[in-house]
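Taken in sequence, the protein lines are chains A and B.
For the first sequence, the working numbering gives the first residue as 1, with consecutive numbering after it.
For the second sequence, the working numbering gives the first residue as 1001, with consecutive numbering after it.
No lab work stands behind these hints: they were computed from the structure.
Incorrect hints may appear among the rest.
Stated by the list, open to error - Derived DSSO-like pairs (lysine-lysine); straight-line CA-CA distance at most 30 Å: (1) A/K184 - B/K1382; (2) A/K182 - A/K110; (3) B/K1247 - A/K136; (4) B/K1284 - B/K1294; (5) A/K203 - B/K1294; (6) B/K1287 - B/K1238; (7) A/K182 - A/K136; (8) B/K1243 - B/K1284; (9) B/K1428 - B/K1467; (10) B/K1382 - B/K1294; (11) B/K1294 - B/K1247; (12) B/K1428 - A/K142; (13) A/K182 - B/K1382; (14) A/K159 - A/K142; (15) A/K159 - A/K110.
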Amino acid sequence: MIIRNPKDFWAGLMFLAFGLAFILFAAGTPAFLDPVLGSLRAPGYQMGSAVRMGPAYFPVVLGGLMAILGAIILLRGFASHLTGEAVRVHLPFNIVDLAVGIGVFALLLKYGGNLMLSADNAMLVAALAVSALSIKFRPNAKPLVLILAGCLAFAYTLKPLGLIGATLLLVFIGAFGGHEFKWKEVGILYVVLIIFSVLVFVKGLTLPFAICPAVIEDLCRF
Amino acid sequence: MEIIDNLALGFGVALSPFNLLMCLVGVLLGTLIGVLPGVGPVATIAMLLPITFNLNPIAALIMLAGIYYGAQYGGSTTAILVNLPGESSSVVTCLDGYQMARRGRAGPALATAAIGSFFAGCVATLIVAMFAPPLAEIALKFGPSEYFSLMVLGLVAAVVLAHGSLMKAIAMVILGLLLGLVGTDVNSGVLRFAFGVSELADGIGFVTVAMGMFGLAEIVANLEQKGHREVFTSKVGKLMPSKEDWKRIWAPILRGTFLGSALGILPGGGALLASFGAYTLEKKVSKNAHEFGKGAIEGVAAPEAANNAGAQTSFIPLLTLGIPSNAVMALMIGAMMIQGIAPGPQVMTERPQLFWGMIASMWLGNLMLVVLNLPLIGMWIKLLTVPYRILYPSILVFMAIGVFSLSNNPFDVFLMALFGLLGYVCVKLECEPAPMILGFILGPLMEENLRRAMLLSRGDPLVFFQKPISASFLIVSIILLVIIALPNLRKKREQVFVAET
């Protein structure tokens, strides 16, 4: 069988997987999957009846509907009359890359503690590792990966590094994901943004963010 | 006349200096983000939600509403001058507006858009004032089965209006419904789909999903396109449309206003649908149909009137039923809840000042927009020359700060990034995110009403067809689905979307 319409095929697969996952986690994962799922194993929720619906009822029905739709869409991927450019999937990564990316995050979160990494730092290292991998092996995925990694870097450094440090990471990593990267321009943009953010968000709207890195907090109290 | 008393009350509230200022801030911000491509009202309102904690409810809602309809004005400027939709509902304005600009008629195009929007805004305000009270009265009689069926209709409408494959759109709606269920189940207190993550106990924040699926995914998509922009900055010229133009635009503006108002009320509707609908209608009925796509002024007037009318009438389901018809309205619900107001038909009777004040502010806001925007057009044009490589890191910073501040937790930003990835993949696989967002908002509400309805009917699913109002909603939904699934119409629908995008 040839996949004639990869867009339908992958979309169908995605919906099928989501649908089955929701059914499994709502109704309870079967015992034979335990070794695969490990700590994700779920006992499931109460089904209830049509009169008194339990917490599993609605998700199982919807999950089933979505799985059926997903299967139909997936099968349509084999029987499409469309071919060529119209149905090509323009994703800059494939499913193996996606698995590698998720794997990096899962491994670092699970075993980061052994490397003296806190959970927050494990996230940060994972984001940077995936960015490095993408720059080296999947240059086309650079905008996507760096934008997302920049957000993660901001989130997980805001508490230790303050707004000044976290925004620095976000602006530079994010800007590096674009086509043109000029140090001077991005530097000026960063300075403008940090002044604006401190004035509007911290001083004006009194969001409880630290401004400076915790290490030198005393130096820049103003 | 009751309506005049009510409107007088509303203007009394809206004309207080502070509320006027908030209205002005809202419409200016709205125009600004409308002008800038890649920043939409959803992301902006989401970013501003934390601010509204400190405002009183009326001022907060007046400002947020101003952002939404202000964005409709701003979006047309970018569409006409740069051929980019500054705001998603101005996609169709690009077609003829940009062609007019290329022929040196940017000025009249901009003025037509503003005049059309203003007229539509006035009429839509009146429509909201006239139709909201009787609708709220009907809505007070709604039981769980009526609410459930109404939501089904809303979701079906969202599916029918989505681009591309019908089945993918339905699957996206269901995905949204399911994701909306994450968190503590209100009936049993069971924590669902949380995988031991304590941050998920309250569910996934709507702002997080919207920023990821729309904000982040859009930035990445923009960065991948390497097109260059041609801005007609110096060629705006004379603004006022000529006598000939006036003759050509009054009818399209009228038609656009009424079609837009009608489509805006539909659950799942709003500005975007309104502008598409109006353009298609105009193309059918206009004498100058052959000029469409080559700079026909009707092609600017009708959709611009329609999108502004739709933006305003989409407040009707929110204010009368408490049901959001699109992502912006969902955020408005969030803003009301922050203020301790439960959205629904009782808002009008319990808080008439809020209700009528907001309606009056819409008209005032429209007046401000038309008075301010034409003279300020030079400033907006300057903004357009800011390159995207400066713009997007700024948007990123504001989004990250906004999402982080929701609960002061990095996990929300992580979720936003995850939804950014999902949104990006969905767009690449031609699965539209808009129906998913609507499903996400309605998920918990739908489950709740389904449970109640089934409990009341002792498990008899036929109850949805036994009550007349509920049955009519469901029948309309079925008819819509059948019509759209017919091979003949499906082909036509695809053609319409191909032609318009």
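query = Would the pair B/K1294 and B/K1247 pass a check requiring their Cα atoms to be no farther apart than 30 Å?
reply = Holds: B/K1294 and B/K1247 sit about 19 Å apart, inside 30 Å.
Given hint B/K1294 paired with B/K1382 - CA-CA distance at most 30 Å = It holds: about 26 Å lies between the C-alpha atoms, which stays within 30 Å.
Satisfaction of hint between A/K142 and B/K1428, Cα-Cα up to 30 Å = Holds: B/K1428 and A/K142 sit about 16 Å apart, inside 30 Å.
ask   = Is the straight-line distance between the alpha-carbon of A/K184 and that of B/K1382 30 Å or less?
value = holds, 22 Å
task = For the pair supplied as a hint, A/K182 and A/K110, confirm whether the alpha-carbon distance does not exceed 30 Å.
result = Roughly 37 Å separates the two Cα atoms, so the pair is violated.
inquiry  = Tell me if the straight-line CA distance from B/K1287 to B/K1238 falls inside 30 Å.
reply    = The given pair, whose Cα atoms are some 26 Å apart, holds under the 30 Å limit.
ask   = Would the pair A/K182 and B/K1382 pass a check requiring their Cα atoms to be no farther apart than 30 Å?
value = The given pair, whose Cα atoms are some 22 Å apart, holds under the 30 Å limit.
ask   = Holds or violated: are the alpha carbons of A/K159 and A/K110 at most 30 Å from each other?
value = holds, 22 Å
ask   = Taking 30 Å as the top limit, are the C-alpha atoms of A/K159 and A/K142 close enough?
value = Measuring from Cα to Cα gives roughly 27 Å; hence the hint holds.
inquiry  = Need the status of pair B/K1284, B/K1294: alpha-carbon distance at most 30 Å?
reply    = holds, 16 Å
message = Hinted pair, alpha-carbon criterion (30 Å max): A/K182, A/K136. Please report holds or violated.
response = holds, 20 Å
query = Holds or violated: are the alpha carbons of B/K1243 and B/K1284 at most 30 Å from each other?
reply = holds, 24 Å
Taken one by one, the earlier hints fail for this structure at numbers 2, 3, 5, 9, listed in ascending order.
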